[in-house]
Each structure stands twice: as C-alpha cells, then as structure tokens.
Amino acid sequence: MDLVAFLVVVALLGAAVWIISAPLRREPEGAAPTDPAPAADVQQLEAARDAKYREIRDAEMDLRTGKLSREDHRAMDATLRAEAMEILRDLDEARAQAEVQDSGQSTS
Amino acid sequence: MIVVGRACLIIALAAALYGIGASLYGARARRQAWIDSGRRAMYAVFGIVAVAFALLESAFLRSDFSFDVVASHSSTTTPDFYKVTAIWSSQEGSLLLWILLLAGFSSLALRLSHNRLREVTPYAQAVLLGFAAFFAVLLLGFANPFQPRSPVPAEGTGLNPLLRHPMMAIHPVMLYSGYTLAAVPFAFAIGALAARRLGADWIAAIRRFSLAAWLCLGVGILLGARWSYVELGWGGYWGWDPVENASLMPWLTGTAFLHSIMIQEKRGMLKVWNVSLVLATGTLAVLGTFLVRSGVLDSIHAFVGEGNGIAWMFTGLIAVMVAGSIALVYSRRGSLRSEHRLDSLWSREAVFLLNNLVLVALCFVVFWGTFFPLISEAITGTKASVGPPWFSRYTVPLAIVLVLLAGIGPVIAWRRATTANLRRNFAVPVGAGLVALVALLLLTDAARKPLALAMFCFAAFVLAAVGQELVRGARARRAMTRESPPSAVVSLVRRNRRRYGGYLVHAGIAVLFVGVAASSAFQHARDFRLSPGQTARIGGYAITYVKPTAKLASEKVSLGAVLRVRQGGHDVGTLRPTRGYYPTLAPDKGPVAGIFDGQATSEVGLRAGLRRDLWTAIEPDIGPLQRFISEADRRFGNAGPDVQGVVVAALAQRYVQHPPPATFRIIDSPLVTWIWIGSFIAFGGGLLALWPAPAVARRRATAAARAGAAREPARA
Amino acid sequence: MDPARKRRIRLVVALSAALLLAGALAYTSFSASSEARSPSQLARSATPGQSYQLTGKVVAGSIRHEGPTLLFRVRDRSGAASVPIRYTGVVPDPFREGREVIVNVRKQGGVFVGEKDSLVTKCPSKFTDKPSRKA
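Residue numbers (the numbering used here), protein chains in the order written: chain A, 1 to 108; chain B, 1 to 716; chain C, 1 to 135.
Looking at chain A on its own, in the form it has when it is part of the complex (with noise of 0.2 Å):
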C-alpha cells in the first residue's frame, strides 16, 4: 500500500470517529440518565391534536363541498371539537408532567 493511500485511509477513519465521538465527548461527567418518555408523550398528544385539527378543517371542507349535510356536519364538528378539547386537556397534563421532569434534572 502506498503512503498516499496510507494517510487517505487514516484520514478518513479519524473523520469518521471524530464525527461519531462528537456526542460522547460533550457529555457532561456523569450525566444521569434521562427518561423520554414525558417528553414522547407531549409529541404524541401533539401530533394527535393537528391530526385532530386537519380532521375539522376537512370536515368543513366536506360541508363546503357538498360532501356532508349542514346536520350531519355540525354533530360531527361537535364531537371533533370535544376530541380536540379531551387531547388538550392530556397535552396539558402531559406538559406539566414533562416539565416536572425537566426541573428536578436541573436540581439533581
């Protein structure tokens, strides 16, 4: 193997572990370990609540369109609205929760 390819290979390689390392070396002494859940949760409920909203926007389109009954539209705009209100409700609780964690990290 010639010195070129030698110290190409080397390079490379220590690129690779230097990029892969990165977050090893940052890390605090003794870091504990963090739960991620609270925070999982707080994403979920999240993406549940625009899923939610992207449902009544498109229920009204659909009233719009012609696709649902004035009736029909509004009692199933009312039970959207009260499955967004019920996945706000949690989102709260969720947050809270989450940053009941968050806090007593930064206490430890």
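Be aware that one or more of the hints could be misleading.
[As the list claims (entries may be wrong)] Simulated restraints, written as ranges between beta carbons of each label pair:
{"no.": "1", "chain 1": "C", "residue 1": "Y27", "chain 2": "B", "residue 2": "S531", "range": "20 to 28 Å"}
{"no.": "2", "chain 1": "C", "residue 1": "R7", "chain 2": "B", "residue 2": "L108", "range": "36 to 44 Å"}
{"no.": "3", "chain 1": "B", "residue 1": "I170", "chain 2": "A", "residue 2": "D90", "range": "41 to 49 Å"}
{"no.": "4", "chain 1": "B", "residue 1": "F628", "chain 2": "C", "residue 2": "Y27", "range": "52 to 60 Å"}
{"no.": "5", "chain 1": "A", "residue 1": "R25", "chain 2": "B", "residue 2": "M480", "range": "54 to 62 Å"}
[Unchecked claim] Pulled a few chain A residues facing chain B out of the computed Cβ check, cut under 8 Å:
{"no.": "6", "residue": "L3"}
{"no.": "7", "residue": "L24"}
{"no.": "8", "residue": "T34"}
{"no.": "9", "residue": "P38"}
{"no.": "10", "residue": "A48"}
{"no.": "11", "residue": "T65"}
These are computed hints drawn from the structure, not numbers from a lab. Ideal Cβ placement from N, Cα and C applies to all residues, glycine included.
Given chain A, put chains B and C in place with the hints provided.
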C-alpha cells in the same frame, strides 16, 4: 485507489456495527449521548460510502481498467454519460449505489426526526444501520467493486448496448431510491413497535418517506416500461417479467398504505393493518432488490446447487425481517387496538378498506405468479412458470375495480354517507360514465371488448369525480375570498396539497389505464417480410419499404430501412427503424462475424400521436451476407482494425446495394401515448402531495420555538 | 343485527373471498402453466405435435439465419444436451448466444418448431451476463 475503496467499505461496516450497538445501548440505558452517537454513525456511513462511490465513479470516467468492474462494464469508446451510469449496470456497483442511497435517505430521516420520537429513533437507527451493515458485508464478501484485475486490459468490454438508453440510465437509480426509501418507514415501524409508541407521531414522521418511496418506485417502473417499448424490439411495455414484478409489489402495498394511513390518522383504526403494510412494503422492497440482483428465479439450480452466497444472504435477511415483523406485531397487539369501529359500509373508510384489499390481492397475485416456478418445483418437482395470460386473468378485473374505487373514494363522505349525499355527489360522475358508455357504443366498436369498455367508462367516472371536487372546492373558496376562478383553484390546491395531489394522482391513473386498456385490447401487431418497394397494410396505414440504409459508427453498425407511411392516400410521415450490431469480444469468432453475431438492439421507428402510435422495428436478413462475412474473416481476420473497418463498411455497402427482404414488425396501437401522459399527471400529483405545505412548515417552526421557550425557564 | 355479529359476518365474508382467490390462483396456475421441459428431457422423449415449454440456453455458435427463419440449438442450463429449434419471426433484442430463453415448441420430425411470438428471453437489464465470479 482500490485499497482506499476497500478500506472505505470496511470503515463503513465498522461504523454501522458500532452504531447498532450504541443505539441499542443508548435506548436501554437511556443515555441520549449514545443514541446521538449512533445516529452520527449513519452520517459517517453515508460520508464514507459517498467517498467509495466517488472513487469508483472516477475510475469509470478515467476508464481505469485495473478495476475489474470497470473493465467488464465500460470501455474507452463508451460515451461519458454512459460511463457514469455504467456503474449500476454491474452487480457490485449497483449494490454500492443501494447502500449509498440507503445511507443518504436514512441520514435525512434521522436528521429530520432527531428531536422527536426519542423513544422510537434508537431502534429505527439500529434497523437502518443493520441494513447498511448487511449490504456492506455483501459488498465486501460477495460482490466487491474494488477488485483488481491483472493483467490490466487495454480495452474494456463496454456497457451492454441495450442499456445505452437514457431511460435505462435513470431507471435503476429511481427503483433503488424507491427501495431504500421504503426501508425508512420499515425501520420506524419496527422502532415504534419496539418502543410501544404507536400513536400518531411516528406515522406523521414516515408519511412523507412512504410517499417519496411510492413516487420513486412508480417513476422507475414507468421508465422501465417506456424503455421496453422503445428499445427491446417487441413493442410491449409490460411483460410480467420477474424483475418488473419485483418493483410492482412494494409499489402496490405502498399504495395501499398511503390510503389506509389516512384512516388511522383520522379515526385511529386499522393500526395492525397499517403497521403490517409498512413492514410488508419494506420486506418486499428488499425482496425486489434480491430478485433483481440474484437472478434466483432464472437459475434456481445454480442457487441451490452451487450455493450462491448472495442468494443465501438475502434469504436470511428476508427471513429475519418477516419473522421479526410478525413476532413484534403479535407481541404488541394490545397497543394496536382500534379506537373506533367502522360506522358504515357506505363511507370513505369502507371504500379505502376495499381499495386496500384489492391492492393487497393484486400484490398477492403478482407474488404468486412471480414465485410460481419455485412453488411448483417445491410441490411437483418440476419448474413450471405462468405467462402473461395467467396474470391478466386476475389483474385486469382487479384493476378495473381499483379504477372504479379511485372515483368513489374522493367523493364519498367519511364515516357515513346518507342517500341524499350519495345522490348529490355521484350524479355528475355516474352521468359522465354513462355518457362515455353511450358515446363509445354508438361511435366506436368498443363493445367488442367489454372489459376495455368498462375501463373507459370507469375512467370517465373518475375524471368527472375529480373535476367535480376541484370545481366545488374552488366555488366554496370563491364564496369566502371572492378570488378570480383561476387564482381560487391555485390557492385551493396550495392550501390542500395532500388532498388535491391525491386527486390528481387518481386522474392520472385513470388516464393511464385508458391507455393500457385501449392499447392492449385494440392493437394490431403483425410481422411482414418486405423487399424494397413493397407495401404492407395495417390498421388503415399503407407502409412502403422505400430503401435500405446502413450506417457505421465508432462502436456499432446500423442496418435499417426508410419506410413511407401513407394513410387514406396522404403521406403522413417517414419512419426509420434500424438495428444496431455491436461487436462481441468472443474469441472463437472472427472480428467481422463478431459484429454481426454479437449483441444487436433495435432502434424503433415510432410515430407517436395522441390517437395512436405506429411502431415499427426491423430485423434485417443478414443471411446473404454470411458468405462474405466468413470470407472477410478468413482474409482479413489478422489485419489491423483500420482494414477491418473498411471491410465492414464494404459489407454494409453490399447490404444497401443488394438488399435482401427484411422482416418488419409493425404495431398500430391506439392511445398508448396516454399511458405516458397519465403517468406524468400522476407523478405531478405525487410531487404536489410531497411538497411541504407552507402553513404547516411555519406552524412547526413556531411550535419548536415555543417548545424551546418553555424549556429555557425550566433550565434556569 | 347487533354490530359485533355484523362485524363477524363481514370478517367471514372477507376471509372466504381471500380463500377463494387463493384457491383459484393455485388451481389455475398449476393447470395453466404448460410444463416446463429442459432440452435433455425433450431429447429423451417428446410426443410429436404436443406443445412443450422449453427453457434453456442458446448454444454458442448455433444460430443460423435462413431468410426469416432462425435455426439454433438450446441446451440445458448446466449440461451439453441440446435440441434443434426452428423459429420464424422477430426475436426479442436480448436474444443471443448463451442467453437464457423460454420458447413454446412442438416436435416436427427431427426439429422442434417454435410457436410464433412465444420466444422470451430473460430480462437482461439487471444481471450481468457472466455469473458473479465469486458466487
């Protein structure tokens, strides 16, 4: 440089293996730093493989025949564009492309989701890195592109002439993009199952990748069909070849998934079904790569007897994917319960469900037919295969139902459609279908082919349904904003890209199937044997063989014909089909015979039109030349290439001066062009749906900012 | 009818449709596929006039043109036994020596005559001509 390339593959394998370990450890010990490190391993794999790919590509461009794969797939006379693309005509190069695309799309997916789905991504990372490791092992152990050849030959074999076509240059890249993009949803599905995080968020994260995979596969399939039509000299665009079927299967399940996903997003139903579809699509994508790359269906004996390593590796991978998927879905069935029930069979959910069943049934038919040689060998001991007629018997009715559903889906209401609704929404589309039926019956002889007739009517139904949706949406928007009609349509579509993109796809598919139905039911194909001056008659055309042609290029000899086409006494054009002969390097043949007995490709003479295509290919009879060819080889076999060039020119000249009768295949095919037009419409719709909606992007940005703001005080 | 029962009925209907399709697929594929034969099998025994689906490889150096008619031999995938084929018509571009072909043939005298338009070559676009050296 060969050494550097090998080292790159080894580094990539090491990084992938490390990344799998780091991701899994990080998930288990809840150490985000390790998970981040695992994600970066994927970026590193991408970077390193990109270097390896660039090395190989530069070897192709420089015609460095010390690379074995360059010597056997390229040559100095290959045009530069095809030198670049020759890399994926080889087994080794295409597997390298696979891993490059996989690492690229995976890096993108992981980058986009790195702050979300914290529980899911470690497992998804591990799965994606597992694929990368698998392909790195394949490359290192079974198909190493960095294999030296010695002695270094002065000239390479050259790219298979059939692949010297722009379609074929892009087609593999598109298919591989589709296959590798399908790996991303697969990995996230495994991650979601493993982490028991089966809510709405992972679905939202992969939807775009599923759509991109669907789009790339679709484009790849269509390019392949077009290539077959203009290059393979048989005039068809689809032959149910295993390699075509391989790409069609994941496309079908992917299409099913894109529909059923909406039911889950809206109603929280069908979770098991959706996750199974994602897993099936990913597995079928790997299966597709396997079929294409191993040739297992062609040479089953080689597969079993000689122990084809690649085939066994793939079989193992697929077995692990299938078994793992089933085990995971089964063990997580509690978290996959539906939140709702189907309200009514007259609802969009039910139509989507039916569409899913039809698509999966189609996929199953294709699967059965493709694997029938293996199935029959296992059961009866003889390897039998089924042909296109067997496929059409099932796929044609299923496709007709599918097109019908493509029209019903967009206009029926979610949850429950009332009779008044149905009447209001279906009057126009059904009317359009009936008008089409009456018009076709009165004005044409379409009644001869009831299945094609049904397809035409259903397509009219779909187009009317989509048109009605667009008009009503624009009208509703105008009522609110008082925009002009065109700008109302534009802003309507812009604000609902996913919805109207989808409708556009439906319209495109309907148009495409009109082309398929018309061209397969009403085409006339015949072979004629003509001498110059003679005329063939087909489908109202009179085609006269005017004169033969011969042309010498640097790497091929083209023999062809000038055909004059007349219709109803009028000249409507001239067609010039030719057949190109490429030299073979077979040592047992003389240099001149090597040209005419080597690989030959058709350049078809095509008169494409919106109403019909006139397709011609020529098979020159070189029998009378044989005598001269053998004599030329005897006398000039050891002469230099210049002399041989003169001899070949003389032979071509002889062909033109004393033309023997040539065989022509002439196909008069109605509406073929609409297949390509329809696919353009469909892919336009797919792109529209894929494009990020501006409003959503902004909302996401502000949400992230708010989330950041919420975190700051907590830290302080 | 109560919803649970209705759903069960739907499930049964869907499942039986699936079973029916699977059964039809299995039945028709086994009956429709004309039996594939290898050249050595045909060389040993072939009833004149009966149609066989022949698969094998085109023997190197065996292709001859006789006007519009093509004469060539097809051999076993691994082996030397071969049978002569007479085929009239346009062959697909990928057709060449050494290529794997499938063709429906009938025995007529000493040769096997290919049915028009039945000759298929395996798609060449994906795999390389020569088998992978290390495999």
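Going through the earlier hints one by one, which of them does the structure break, listed in rising order?
Of the numbered hints, 1, 6, 9 do not hold.
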